[in-house]
Amino acid sequence: MKHILSQIFHTGKFTMGFCIFMGILLLMVFYPLINPGDPLKIVSIGTFARPGTYISLYDAVDSRLNTLKLDEAPANRLESVLKMEDRVKMVMWFEAVEIPIGHLNIHDTEALLALWEEHYDSTVRPEGMTKADRNYFQRLDESLNRVLVTKEKILATRDASTAELQEIRAIEDTDYVNLKNVANVKRLPLGTDNFGRDVLKELVAAIRTSLVIGLIAGTIATLIGLTLGLISGFIGGIVDDIIMFVTNIFTVIPAFVLLILISYSIGQDQRGPTTVAVVIGMTAWVWTARAVRSQVISLRNRDHVNLSKLSGHNLFLIIVTDILPYIASYVVMALILQISGAILAEAQLSMLGLGPKTTEVPTLGLMMNWSMLYTAHLNGYWWAYFPVLLTIALISFSLNLMNTGLDQVFNPTLRD
Amino acid sequence: MGKVMLEVKDLKTKYITRFKEDVYAVDGVSLTIEEGKSLGIAGESGCGKSTLALSLMGYYFAPLHYMSGDIIIDGRNISSLDPDDIRKNVLGKEIAYIPQAAMNALNPTRRIIRFIEDVMKVHKPEMTRPEVYEMARKRFEILGLPEKVLNQFAVELSGGMKQRTVIAISTILSPKVLIADEPSSALDVTSQKMVIKMLRDLMEKGYIKSMIFITHELPLLYNVTDDIMVMYAGQIVERGASKEMVFDPIHPYSKGLMGSIIVPETGTREHELIAIPGTPPNLKKPPAGCRFAARCKFATPECRVYSMEMHEFGEGRSHRCRFSVEHLREVYANG
Amino acid sequence: MAKELCLSGKNVTKIFGFGDKKTIAVNHVDFNFHVGEFVSIVGESGSGKTTLAKMLLGLIHESEGEISFLGKPRDIKGRKQKREYWKDIQAIFQDPFSSYNVFHKIDAVLLDCIKMRGGKNLPHDKKVEMMTEACSFVNLKFEELTNKYPFELSGGQMQRLMIARIFLLKPKILLADEPTSMIDACSRATILDMLQNLRNEIGMTIIFITHDIGLAYYISDTVYIMEKGNIVEYGPAEQVILHPSADYTKRLINDVPKIHEEWDLSTV
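Residue numbers (the numbering used here), protein chains in the order written: chain A, 14 to 429; chain B, 30 to 364; chain C, 426 to 693.
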């Protein structure tokens, strides 16, 4: 046993797959500990908040202020307002009102701003420019003015009865707060999804659900396949014919179509993750049964099985002690592939909206489904779908790698 | 004395297992075969006789590795050639090899004549297809194979016929040495006889100049080859003319081996079988001294320490036992 | 030779498949094996000898004909009858390497035999004693084998352990299906000796199945020659081998290489 284990871990493929899978498992176990709470809680109003760190502005104004005199601060401020696309638009405005720009370098902020200040007039209505465009330039001009002219800003509270503003503090452009002093800072490493839920937290919970679905479905499929394969292979004759007939029927009907039909007929309300797992398991056993059957047929004629019969052992004992141990390694490999297949099947079903009930648990497939429905992929909200895709790929990849590694150890024809 | 066709000097080769252990399967084998002669190699399974057959071709591929020694075919040392050279210029032309499962080597979807055309394309590209066919037809006729086989597929032939066809194809270039490793063991007795007859025809008609025949079936060897060599644990323990080897073996191991012969003829039932207890040594760590000492009835403590080289004791005969021929004969006579 | 009938068959036939795929593996054969007899069934591959052996063992059912055991028609329809029958007939198979369950230790193999003989509740010492006796019958040391797995043994040792198993079971009939074809010539003599000991000391009837006509001649009292599912000739070994009457037997003997007589290569 120890020898076999050392051999298994000697194969690079298995070790690599194992490490990836363990990494995913560790994430699944430990992330909820450092970030507890309901994964489906809506944290942001509005959809698809970008990944990053969010600081509470309300708390920030009350925090202790420090004065930092930083030379690059005005430039950075300007930079955050004047994006590349704004510069291009500015040039377009110059062209629209036929102002010669000469050899203006678009990256030369000073020259560009000088030209803008000199010529911009919000009353001009260049031909062919829509109202929306004109408004855009007006807004740009205002924000540039705000940035360029560093006036102090006044924080005030409104008196409840008189509605008069009461100044509490003036904020200079050199005022800073330490992030540590701000009471509320929220990190969203993968942003939020269409409902405003924390994607990372949801993803970790989804991995757990999907793995559970995979495990249940894989176990059911392997158990059904193993039982039918053993019975049909060992007993043979009419029993074999009947089982193979059923198996062949299931083979010619595409399993996925069957899956869709069953899921659809169960109905949205009845589909929990367990139901979906059972349905997937019930449709995926076919090739396991066939493979186990062929292995058992080659084993059944081995002399040790004949000897076991001659020793008066009953059918059950022979199958358990003389057949099962010989195909155990094969069954483990089949189980791994079934798990991987079931996770993919769940993802596919959920993508079509036939997965588990959509509001109660997150699964990898459901996350994909929602981001697709809210066209995250068209609007560039990559954080809503790409990490999910990557996770599905990694789980499937690691399981398949482990399977190949095991195959190298247990399949004598692949030994070198 | 005829011209020496194959000479092997102190050949050593090893296997490297997948746990990176060395198995010294051929450990210092020397032999010579003259033109027109055949040599049989006998021994238990695992004694290295099949490895020797592979090693003699000079074409090594993992897990078999060459260590030292010379293989000289008709005056040309092939052990120093590179594998590509051997594959192109030695295999098939100088030395041909027929394994036990040779008949399974034929691609069942091609006609037999195509295999011969392939061989000729490499070695005699100037021959046209009708010429090749004519040559193959003649060769098949002489060897007693029906002409229609040439246009058949391998699946249409019986096991014995397939094996004979493979032999005919392998020897189409008239190699100097033919190595046959259990060529008839998987066949029934009648097909076996046909294969043997064909090999003998090949020798008599000069299509092969010499032959090494490897088998564990001693009665077969006795009837096929001029000389017999007995191998044990990677080494040769005795060599001599077939008749002398069977009826007057000297080395205790050969004695045991010859004592296990059973044939269906008068007197067999009265003859007592000799059994050799124990198992051959592990070739990963060959024992010092005589390798057979642990199983030998006549061994003394010295046998486990001192090893002997092969030494001659008569016309073409040599053995590896420490004891003298007279001593051994006396011991055998007294039981 | 005892003349009491041990196992006999009349019109025993086995047909595999049906319709176009029908093959007759064993074709209406009759045989009479007597108590204490050493019988050889000789045939080449495809002669149906292994199929006949499996029918004798009750591992497959005959399509036609009747097999009688100790003078009475054999009844092995139910599981109980089968268990009883297998107390009286046991087998040694050709390939020792596939005859063992590689996950079971040697002790388990031998203990199973004691259990089958009804010795399940014997004290442990007694069991060890029985196993030691069985091992010493085949020149093996139980102390060296205990807690080992079968694959740690050589082919010859495995086959001897199979005989030790038979020694423990002491069936009335032993069916040996080519027990020496996968092991070396040097170990072969030991196995044959032990089979003869089983016959001489315990009085077992031994049915020896082989393709090697020389071996059959050497070891057996009676020889049955099979060709393509038919028994073409049978009788005392001396008579069948030295004075064959069937053409097939003649050819078979003629085609086997010999050492004292000339091997005639011109007759192929």
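Check before you lean on any hint, since a few could be wrong.
[Said to hold, decoys possible] Derived BS3-like pairs (lysine-lysine); straight-line CA-CA distance at most 27 Å:
1. C/K675 to A/K322
2. C/K683 to A/K322
3. A/K26 to B/K49
4. B/K38 to B/K66
5. B/K150 to B/K66
6. A/K322 to C/K428
7. B/K314 to C/K573
[To be verified] With the Cβ distance kept under 8 Å, some of the chain C side facing chain B (calculated, not the full set):
8. N452
9. F456
10. E469
11. I638
12. L667
13. R676
14. L677
15. K683
16. H685
17. L690
Since the hints were made in silico from the structure, they are not lab data. Built from N, CA and C at the ideal position, the CB exists for glycine as well.
Tested hints:
Using a Cα cut-off of 27 Å, the hinted pair C/K675 and A/K322 is violated, with the two alpha carbons roughly 38 Å apart. Among the hinted pairs, C/K683 with A/K322 is inconsistent with the structure: their alpha-carbon atoms are about 40 Å apart, more than 27 Å. A threshold of 27 Å between alpha carbons decides the hint, and for A/K26 with B/K49 the separation of about 20 Å falls inside it, so the pair holds. The suggested pairing of B/K38 with B/K66 holds, with an alpha-carbon distance near 18 Å, which does not exceed 27 Å.
A hinted pair counts as satisfied when its Cα atoms are at most 27 Å apart, and B/K150 with B/K66 does not qualify at roughly 30 Å. Among the hinted pairs, A/K322 with C/K428 is inconsistent with the structure: their alpha-carbon atoms are about 31 Å apart, more than 27 Å. As the CA atoms of B/K314 and C/K573 are separated by approximately 22 Å, the hinted pair is consistent with the 27 Å bound. With 8 Å as the threshold, the beta carbon of C/N452 stays out of range of chain B, its nearest partner Cβ sitting at about 19 Å, so the hint is violated.
Given the 8 Å rule on beta carbons, the hint for C/F456 is violated: about 21 Å separates it from the nearest Cβ of chain B. Checking C/E469 against chain B by beta carbon gives a least distance of about 4 Å; that is within 8 Å, so the hint holds. With its C-beta approaching chain B no nearer than about 5 Å, C/I638 sits inside the 8 Å limit, and its interface hint holds. For C/L667, the interface hint holds, since its Cβ comes within 8 Å of a Cβ in chain B; the closest pair sits about 6 Å apart.
Annotation: interface hint on C/R676 holds; nearest CB of chain B at approximately 7 Å, less than 8 Å. A hinted interface residue such as C/L677 counts as satisfied when its beta carbon comes closer than 8 Å to some beta carbon of chain B; here the least separation is about 6 Å, so the hint holds. About 5 Å separates the beta-carbon of C/K683 from the nearest beta-carbon of chain B, less than 8 Å, and the hint is met. A least Cβ separation of about 6 Å between C/H685 and chain B falls short of the 8 Å threshold, and the interface hint therefore holds.
At a threshold of 8 Å, the smallest CB-CB gap from C/L690 to chain B is about 5 Å, leaving the interface hint in force.
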